[in-house]
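These are the residues of each chain, in order.
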Amino acid sequence: MVAGMWIRSTMTYRASFALTLVTSFCVTFFDFVVILLMFGQVEGLGGFAFAEVALLYGTAGTAFGIADLTMGSLQRMGKRVRDGSLDTFLMRPAPLLAQVAADKFALRRFGRVLQGLFVLIWGLVLLDVEWTPVKVLLLPVTVVCGAVIFAAVMVLGASALFWMQDAAEVTSSFTYGGNTLLGYPPTIFAQDLVRGVVYVVPLAFVNWLPALYVLGRPAPEGVPEWAAFASPLVAAVCCGVAGLAWRAGIRSYRSTGS
Amino acid sequence: MRLYATVAAGGFRRHATYRVATAAGVFTNTVFGFILSYTYIALWDERPQLGGYSMDDALAYVWIGQALITVCGMMGGGFEDELIERIRTGDIAVDLYRPADLQAWWFSANLGRAAFQLLGRGVVPMAVGWLAFRFTLPAGPGSWLAFLVAVALGSTVSFAIWYVVAMSAFWLMDGQGAVQVAWLGGLFFSGMLLPLNVFPGALGEVARVLPWASLLQVPADVYLGKYEGWGLAGAYAFQCCWALVLFGAGRAVQAAATRKVVVQGG
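Heads up: the sequence lines are chains W and D, in that order. Quick note, in this note's numbering, the first sequence goes up one by one and the last residue is 258. Quick note, in this note's numbering, the second sequence goes up one by one and the last residue is 1266.
Next comes chain W alone, as it looks inside the complex (with noise of 0.2 Å):
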């Protein structure tokens, strides 16, 4: 609801919105124009050609949108908790996370999802890979829950927020940061940079690991062929945290005295 009249907010100003519609579409695809200008260059990145690069970065696009569009707005309650603008929130009959996700919830968001998808379906279009029932379920799948474990992310960093309230870039940091990382192929990062990626942020979940399976392409080392099937339990284990997480934050919260 709150969503709805931030949507008919934004609606006022139609030629704004369509603007703002367009930019958002074009900033991502300029995004995606710079893998576009390497491959002008190379045939091949870190092994990868550009169908398989694709993939990877529309996987990761899409899901990355998704979760924006929904939990984006977290980042901007670092400034509410500041100037204890929370506590209008906090009297209102309804969640408190549902609230802060929908507050100045801006539909031109949407721009980042149609482009993530643009970019996957021009990958599959291109891609050379035997496709089994298992798979075709499997990238659907991906997509859902990737857009899961990116928004546990950005909750977990909100509840950050209760207690460093300036520190929102440091969850663009997993956010913005882990897109573009899983827009790569694994190959190109070191290997401790990928371990950690697997085993302490669970990035690496929302497309590496299901995406190299669906490739036909190994896993990392060191990290078993089973993983690829791992998302769902992952995205699960990542909401229960970042569940915890947002509750203590909102226990601890304190207004301002001003």
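If you're looking for bench data, these hints aren't it; they were derived computationally from the structure. Model, not experiment: these values are computed from the prediction. Here a beta-carbon is modelled for each residue, glycine too, at the ideal position from N, C-alpha and C. Warning: the hint list may mix true and false statements.
[As the list claims (entries may be wrong)] Simulated restraints, written as ranges between beta carbons of each label pair:
hint, chain 1, residue 1, chain 2, residue 2, range
1, D, R1013, W, F229, 27 to 35 Å
2, D, G1234, W, Y199, 33 to 41 Å
3, D, E1046, W, D128, 19 to 27 Å
[Said to hold, decoys possible] Covered, in the sense of this in silico footprint (three residues per stretch, anywhere, with C-beta under 8 Å from a C-beta of chain D), are these stretches of chain W:
hint, segment
4, 20-28
5, 79-93
6, 186-192
7, 202-209
[Claimed, not checked] Some chain W residues well away from chain D (every beta-carbon gap over 12 Å; in silico):
hint, residue
8, G40
9, L97
10, Q99
11, R108
12, I121
13, W122
14, G178
For this one, chain W is given, so just place chain D on it according to the hints.
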């Protein structure tokens, strides 16, 4: 002059109080530096000397980009949101009554901000990056100085761009659209994602003469010693020209806006 110096010092001190935010920014810039470094290594492995850069040059380029991201405002000048908000709410009327020039006032404050960002968010990522990758360093103190001059000019051009963008809020009220367009230009045409001399053909030629090239590409090339003697003077002249043109544009838009300004609210 003393007034503007005080404003600049205020801008420095104000941003120096956001310690947690600065630390968070340093962390984020460092993480992105690592991600970009690995992608550049993969690219330069396949195509050594791409765009005239060696691998060490390319890695230096990555970390210069991360260090300058807030100094030269590639992804936002850091002041335009506040200025747009003042225009939207009508607080700008108060600013216009001050016995100081509006553009010079904001420029001084931004100079202070940029100086702090260079120290607070520039030095640490650069040092971490150098420890991890051992990229190219400038030849000597003279080259560092030349680089700092290019950074100062780049920061000035950035201010001029964002000032024009902010002034558009007098007409658009909701500055979001204009900010997004400028953001798109800053991100792509500054060479933040990929050096402009790697851009192919006509796209590259256009990108290299746009104002955004002053923000990162020119300072990075000065750092890497691509300009010497008259070439260096030419690079500075390029930045100065854009700074003058855009300052003039900002002034013209401001004059047009203040002639017809209707103060919002009551």
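Taking the hints in turn, this is what the structure says about them:
no. : hint                            : in the structure
1   : D:R1013 with W:F229: 27 to 35 Å : violated, 54 Å
2   : D:G1234 with W:Y199: 33 to 41 Å : violated, 51 Å
3   : D:E1046 with W:D128: 19 to 27 Å : holds, 21 Å
4   : 20-28                           : holds (count 5)
5   : 79-93                           : violated (count 0)
6   : 186-192                         : holds (count 3)
7   : 202-209                         : violated (count 0)
8   : G40                             : violated, 6 Å
9   : L97                             : holds, 22 Å
10  : Q99                             : holds, 22 Å
11  : R108                            : violated, 8 Å
12  : I121                            : holds, 23 Å
13  : W122                            : holds, 19 Å
14  : G178                            : violated, 9 Å
In summary, the structure is inconsistent with hints 1, 2, 5, 7, 8, 11, 14 from the numbered list given earlier, while agreeing with the others.
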